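These protein sequences, in sequence, are chains P and W. For our numbering, count along the first sequence from 1 and bump the result up by 18. For our numbering, count along the second sequence from 1 and bump the result up by 10.
The reader is advised that the hints may include incorrect statements.
Simulated DEER-style distance windows between Cβ atoms [to be verified]:
no.	chain 1	residue 1	chain 2	residue 2	range
1	P	Glu41	W	Glu156	29 to 35 Å
2	P	Lys233	W	Thr79	33 to 39 Å
3	W	Gln45	P	Ala30	54 to 60 Å
4	P	Ser122	W	Arg85	30 to 36 Å
5	W	Ser27	P	Asp81	38 to 44 Å
6	W	Lys70	P	Ala133	41 to 47 Å
7	W	Tyr26	P	Leu44	33 to 39 Å
What the simulated footprint calls covered on chain W by chain P, stretch by stretch (three residues with Cβ under 8 Å from a Cβ of chain P suffice, anywhere in the stretch; the number is not a length) [unchecked claim]:
no.	stretch
8	130-143
9	270-282
Source of the hints: derived by calculation from the structure; they are not laboratory data. Since the structure is predicted, the reported quantities are computational estimates derived from the model, not experimental observations. Heads up, the beta-carbon is just placed ideally off N, CA and C, and yes, glycines get one too.
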Amino acid sequence: MPQIELHNLQFAYPEKSFNLNVEQHLFSDSMTAIVGQNGAGKSTIFKLLTGLLKQDAGRITIDGVVLNDFKPSERLKKIGITFQNPDDQLFNATVKREVEWSLSQVNSDKDQNAARAVEVLKKVGLADKSDENPYDLSLSERKLLTIATVLAVDPEIYLFDEPMMSLDWPSKRMVTDIFRELSATGHQVITITHDMDWVAEEFHSVTVMEHGEIKFSGTPRDLFGDRELLQRVGLLPPKIMELAEMLGDSKTYLSPQDYQNQNIVQ
Amino acid sequence: MDEDKRIVLENLNVRYSGMETSQLKNININTPIGQIIGIVGNSHSGKSTLCRVLAGIIPKIISATISGTYTIAGRSPMDDWTAFNTSTGVVLQNPAGQLSGLADTVADELAFDLINQGTSADVISKRVANVAAQMGLTDQLRQKPESLSGGQMQRLAIATAIITQPQILIMDDPTSEMDPVGRQQFFHWLTTVKDTTVFIVSSEIDDLCEVADSIWIMSEGELVSQGSPQDVFNHLSPEWQIPTPTVYQMAEKMNWRLTGDVFPVAAEELKEAFDATN
Ligand SMILES: Nc1ncnc2c1ncn2[C@@H]1O[C@H](COP(=O)(O)OP(=O)(O)OP(=O)(O)O)[C@@H](O)[C@H]1O
Ligand SMILES: Nc1ncnc2c1ncn2[C@@H]1O[C@H](COP(=O)(O)OP(=O)(O)OP(=O)(O)O)[C@@H](O)[C@H]1O
Ligand SMILES: [Mg+2]
Ligand SMILES: [Mg+2]
């Protein structure tokens, strides 16, 4: 399992309206969710992890190597990202070219890249859109296309910034299956999301950001079991807990299934 | 029936220019104004297309062939779009694409429509401060709109839609990037605006069931179901691939039913079904 370490990481945008400050943090789980309020600094940390923004101080290392010491093509094989707004990363004339372009950054064999592009577009359900202009796709299709571009390169670490945004339920299931497969095959998946039900059901590890700092790192059960902490960082528990609480039960539940398991005497 | 107080769509068909088949097929609706209508459906089912028609963006800005009729409180955007447009607040699915591009700060972006409507400076500054506080943007008022985070941008899009206090709100997936507390507060706020018709597309089924008077389900360009949340979610067809709300799932697993043998879909109904069983 690849490891990402942050040491005394500091960053501020030019207007200094926002400061990120992480003393020490280790990402080492196969599937981690990053949660936190709007403006907490979640997307900013992803931009620092991929070198899109440069920290003012401190250090990011991947498996002990300083991020900036990787050659660009090496770095792309280590760590890949899909952005929150797909329009920030799509610029080629066709869907297929978009995927092939990502691949060309790490591999110069055009035939191999073309074959790989077909494969990943099929995987995300965009095979029949290969020749369309990404600009003509719907928002959900553009989100899926960004996932295809990073799957094609197959880095060791995947960063997904709100991957489920605007997807419908069948697509959400498909993406969840892709994440499970990645995490089961030795990759590290780190996902930013606002969907607490999904975090509770699918993730082993959750990291909470607030005001540019990491305020919690642990299991969903520990996070959602700590109401005082949730309140402090401005988060809500999964819906099932809110409902149980209304019925006078303040135990920790991660899904309706979990509620049934704990409340039906066999 | 009193046309002045109803939303009426009759045999509405919409086909975008250059397309061979219709994207909206034979939509029929006759429902009162002043309610919250939740619109649900999978990708490509026509939700955004329906929003564009409801807002008059189709055919005024995006060209398409329309047949059938659409009136809300007796008025149609096809008759006088300018007048219609001033009574609507619209949030598009992609909030970044909705910025005017003309404002240097969030505060200016918020004031934009009010200035165009000739509102006095006093009223403008009060409304900007209020709506910014409501949407959690007070600390961002001096920031460049383009530099906002995704969720802040979405909050701004909602704020600009509601600042003119329109009678009709048309919102296409307005909370997809919002944090849980912001999302909850926004849905709660919807229930407090009186005499406003709200059309809201959302995949947040739990929230819709708490606030919506009526749910419309779209599938492949057709309106396949409409009714109260309880009615609609107790009669889903597997074909639509739409999940049930968490309340329903919990009640189903515990076998907590309401009279009439239906499952609850909102928190208060859940309490009722729970009390009846326990
Ligand atoms: N401007 C356009 N020109 C031509 N066809 C379009 C246009 N916009 C949408 N369509 C097509 O109309 C159909 C309905 O699309 P629409 O965007 O209304 O779906 P939706 O339910 O909003 O989907 P999503 O959940 O992905 O937002 C789709 O087949 C889509 O490809
Ligand atoms: N280019 C910029 N210039 C100035 N401030 C910025 C810039 N980009 C982001 N910010 C601010 O930095 C803060 C953190 O932004 P970031 O995008 O990391 O938040 P986030 O946690 O991803 O939020 P969201 O959940 O809304 O996506 C926000 O307050 C934002 O307004
Ligand atoms: Mg973000
Ligand atoms: Mg849409």
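Can you name, in rising order, the numbers of the hints this structure does not satisfy? 2, 3, 4, 5, 7 and 8
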